[in-house]
Amino acid sequence: MSLASTETHSRSWWRENQQKLTPYIFLIPGVIFFLVYVIIPIFESFWLSAYSWDGLGEKEFIGMANYAELFDDEAFYTSLKNNVIWLVLYLLAIPAGLGIAIFLNQKVPGMRAYKSLFFFPFVISQVVVGLIFAWFYAPGFGLFYMIIEKVTGSEIAILADERFATYGIIVAGLWPQIAYCMILYLTGLNAVDPEQIEAARLDGAKSFKMLWYIILPQLRPATFLAMVVTVIGALRSFDLVSIMTDGGPYGSTRVLSFYMYEQALSEYGYRMGYGASVAVVLFLIMMVFISGFIWKMVGDERKGL
Amino acid sequence: MRSMLSVSISAIAVVAASASFAGTVKYYADYDPAPLAAMQEIIADFEAANPDIKIEFQNFDHEGYKTSIRNFLSADAPDLANWYAGNRMAPFVNSGQFMDVSDVWEENGLKEDLASALPSMTIDGKQWGVPYTYYQWGIYYNKSVYADAGVEVPETWDQFVENCAVFQEAGIDCLTTGTKALWPGAGIFDYMNMRTNGYEFHMALANGEAAWTSDEVKATFANWAKIVEPGYITKNHAALDWQDAAALLVQGKAANYVMGNFAVAVFKEGGMTNDTLGFMPFPTIDPNVPRAEEAPTDTIHIPSGATNVEDAKKFLAYMAGAEAQTKMNAAMGQLPINKNASVNEEDPFIKAGFELLSTTPGGIAQFFDRDAPAEMAKMGMEGFQEFMVKPERLDAILERLEKARGRVYK
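Quick mapping for you: the protein sequence lines, in order, are chains A and B.
Counting from 1, one number per residue, gives the positions in the first sequence under the working numbering.
Counting from 1, one number per residue, gives the positions in the second sequence under the working numbering.
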């Protein structure tokens with residue numbers, strides 16, 4: 001008797017709150033995975049960065065010693081400097097993507113085929129991009145190497161020369177990144193209001209003015225998105241460095257994410273604590289950008305944009 | 001309820017018993033196809049000789065193995081696992097992951113039979129595994145290039161450097177290497193240092209007991225600079241994999257290559273034969289320094305978490321024997337460590353290597369990245385690469401390595 005009454009009671013409670021609860025129930029799996037694979041590891045990295053640990057034996061608490069070493073480590077500053085170069089040059093993908101998108105936004109027979117050709121580099125994996133460019137630059141048989149040799153008469157192995165290696169990798173990274181930005185802008189351009197363009201044209205706006213005052217403001221969501229993916233893409237650049245130079249020559253193309261991997265997980269690494277401290281620094285740098293983006297998004301939502 | 005519980009417990013017990021059935025030995029390894037086939041034959045031979053033992057063999061790819069060994073040793077240890085000698089096994093020995101197998105050495109007279117590898121298998125006076133193969137390093141050269149340039153195969157460093165000038169005239173790289181993966185440069189350093197300062201100093205340096213800024217190390221680099229500064233080494237070596245550099249030797253664009261014997265297969269695939277490919281020991285720099293050589297050794301160990309130690313030890317003893325080592329190394333094209341094993345007399349490189357290593361008076365090094373701890377090895381190899389590109393930065397490089405030494409060997 002009492003059992004039956006609780007059952008009906010619980011059923012009605014469920015029925016009453018079903019609407020409210022359902023979204024949370026749907027969220028639970030995602031939240032659990034996000035906690036386990038993102039949030040908890042972040043705190044674990046902070047915690048681990050205070051230890052000296054080879055991944056096997058006893059952990060030894062050393063306080064801030066990893067950070068003290070990090071700030072006295074040439075390789076760390078090289079990585080940091082390269083990250084800045086990556087960040088600045090990677091942003092070129094946005095105007096380049098915009099340019100190509102505007103160029104491709106025409107009604108010409110077969111345009112879809114051209115668009116997909118431009119989009120192609122984004123489809124192939126970063127590893128393949130890295131390999132293609134490594135061959136492109138390769139001394140002896142690389143196309144780029146041969147051209148430079150023909151034109152200037154001097155032999156330059158881009159990836160073996162500390163002056164050019166980082167730039168060589170960034171160019172390889174820009175190739176797919178430009179394609180990505182282009183796609184974002186192409187979809188954005190579809191949403192541009194033709195009436196506004198018509199009106200602007202009647203008012204005598206042309207070429208650059210038209211772009212700057214009429215088109216670009218309407219592309220703001222696309223620009224924002226392109227900015228976010230490009231900045232994050234630049235900061236987590238790892239695969240290209242690993243494939244093309246493995247951090248070399250003598251560590252001059254390292255970036256923070258690669259240095260973290262090298263210290264913590266590579267064949268000569270297994271300094272988990274030190275790797276974690278690099279990860280923490282990288283995380284803090286990313287946090288600056290990510291919180292900036294989130295702050296802007298929230299602000300835009302408030303303004304109803 | 002209770003009866004069901006006990007039934008399930010006994011069921012678990014049955015399962016557990018069958019899993020740890022006396023005769024099963026779990027063996028994890030990372031062989032290439034040719035040695036893999038030989039290993040499977042050896043396992044079959046062993047099982048035929050010991051019908052009550054069954055080897056459960058699992059092969060990994062090289063790179064994957066290096067990372068997964070750290071996980072499986074602590075989580076789900078096999079009874080046997082492949083690894084390397086020297087300092088490379090020290091982290092596993094020091095953290096108690098490998099088992100002391102000194103008794104296998106004692107009972108089977110291995111200290112006699114495997115004498116040449118005894119020092120590199122010993123930590124704290126105990127042996128931690130059994131070596132089954134090694135191979136020599138030295139200089140591989142293109143005989144036709146030597147003949148065309150009209151120079152003799154050098155025996156001393158001065159002759160070598162003189163030859164380099166001749167090769168440079170002819171537009172040929174005297175020494176080639178590909179340091180994209182860093183380690184080939186360490187081979188050159190090891191020999192420069194062992195020929196200049198001898199085996200003892202080299203090991204002291206690798207163990208952090210000697211300073212990188214010492215006069216001895218500076219002398220090593222001064223000798224090395226004799227071929228770096230005039231540009232006798234392939235210019236873009238930092239962008240090349242070792243196979244790319246091997247192609248230069250095959251094509252006659254380079255004369256010499258400091259390499260391990262595994263490179264012979266690559267040279268021959270490129271079209272070289274015993275008539276065009278030559279091998280010479282690294283030239284003498286200081287005649288008063290006893291000749292030492294480089295011979296990385298591959299090994300088999302028993303993890304501390306092994307469940308069937310007794311049978312695993314039987315297999316180790318078998319693997320240390322002359323018969324198994326002869327078979328394995330014939331397939332690998334490498335050298336057996338057991339002195340009673342036989343080598344292929346037809347292969348001039350194997351023959352030369354066997355003579356070279358069995359008559360080495362100075363000592364046998366494992367290779368820089370196995371003798372020095374991992375972190376020091378990495379920093380060192382970057383330094384060697386940088387030196388071969390920018391020799392004028394030598395002082396800064398040595399300062400940096402000395403700083404790293406202060407930190408790595410605490």
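Check before you lean on any hint, since a few could be wrong.
In silico lysine-lysine, DSBU-like type, Cα no more than 35 Å apart, as pairs [unchecked claim]: (1) A:Lys59 x B:Lys351; (2) A:Lys81 x B:Lys235; (3) B:Lys111 x B:Lys143; (4) A:Lys81 x B:Lys403; (5) A:Lys150 x B:Lys235; (6) B:Lys253 x A:Lys59; (7) A:Lys81 x B:Lys218; (8) B:Lys253 x B:Lys314; (9) A:Lys81 x B:Lys126; (10) A:Lys303 x A:Lys150.
Don't read these hints as lab results, they were simulated from the structure.
Cross-check of the supplied hints:
Under the criterion of a C-alpha separation no larger than 35 Å, the hint pairing lysine 59 of chain A with lysine 351 of chain B is inconsistent with the structure, at around 48 Å. The suggested pairing of lysine 81 of chain A with lysine 235 of chain B holds, with an alpha-carbon distance near 27 Å, which does not exceed 35 Å. Between lysine 111 of chain B and lysine 143 of chain B the alpha-carbon distance is near 39 Å, which puts this suggested pair outside the 35 Å criterion. This hinted pair checks out: lysine 81 of chain A and lysine 403 of chain B have alpha carbons roughly 22 Å apart, not beyond 35 Å.
Taken as a hint, the lysine 150 of chain A and lysine 235 of chain B pair is honoured in the structure, with Cα atoms around 18 Å apart against an allowance of 35 Å. Simply put, lysine 253 of chain B and lysine 59 of chain A have alpha-carbon atoms about 51 Å apart, too far for the 35 Å limit, and the pair is violated. Using a Cα cut-off of 35 Å, the hinted pair lysine 81 of chain A and lysine 218 of chain B holds, with the two alpha carbons roughly 31 Å apart. Between lysine 253 of chain B and lysine 314 of chain B the CA atoms are separated by roughly 50 Å; this puts the pair beyond 35 Å, and the hint is violated.
Restraint check for lysine 81 of chain A and lysine 126 of chain B: not satisfied, since their Cα atoms lie roughly 47 Å apart, outside the 35 Å limit. Our distance criterion of 35 Å between C-alpha atoms is broken by lysine 303 of chain A and lysine 150 of chain A, whose separation comes to about 57 Å.
When the structure is compared with the earlier hints, violations turn up for hints 1, 3, 6, 8, 9 and 10 and for no others.
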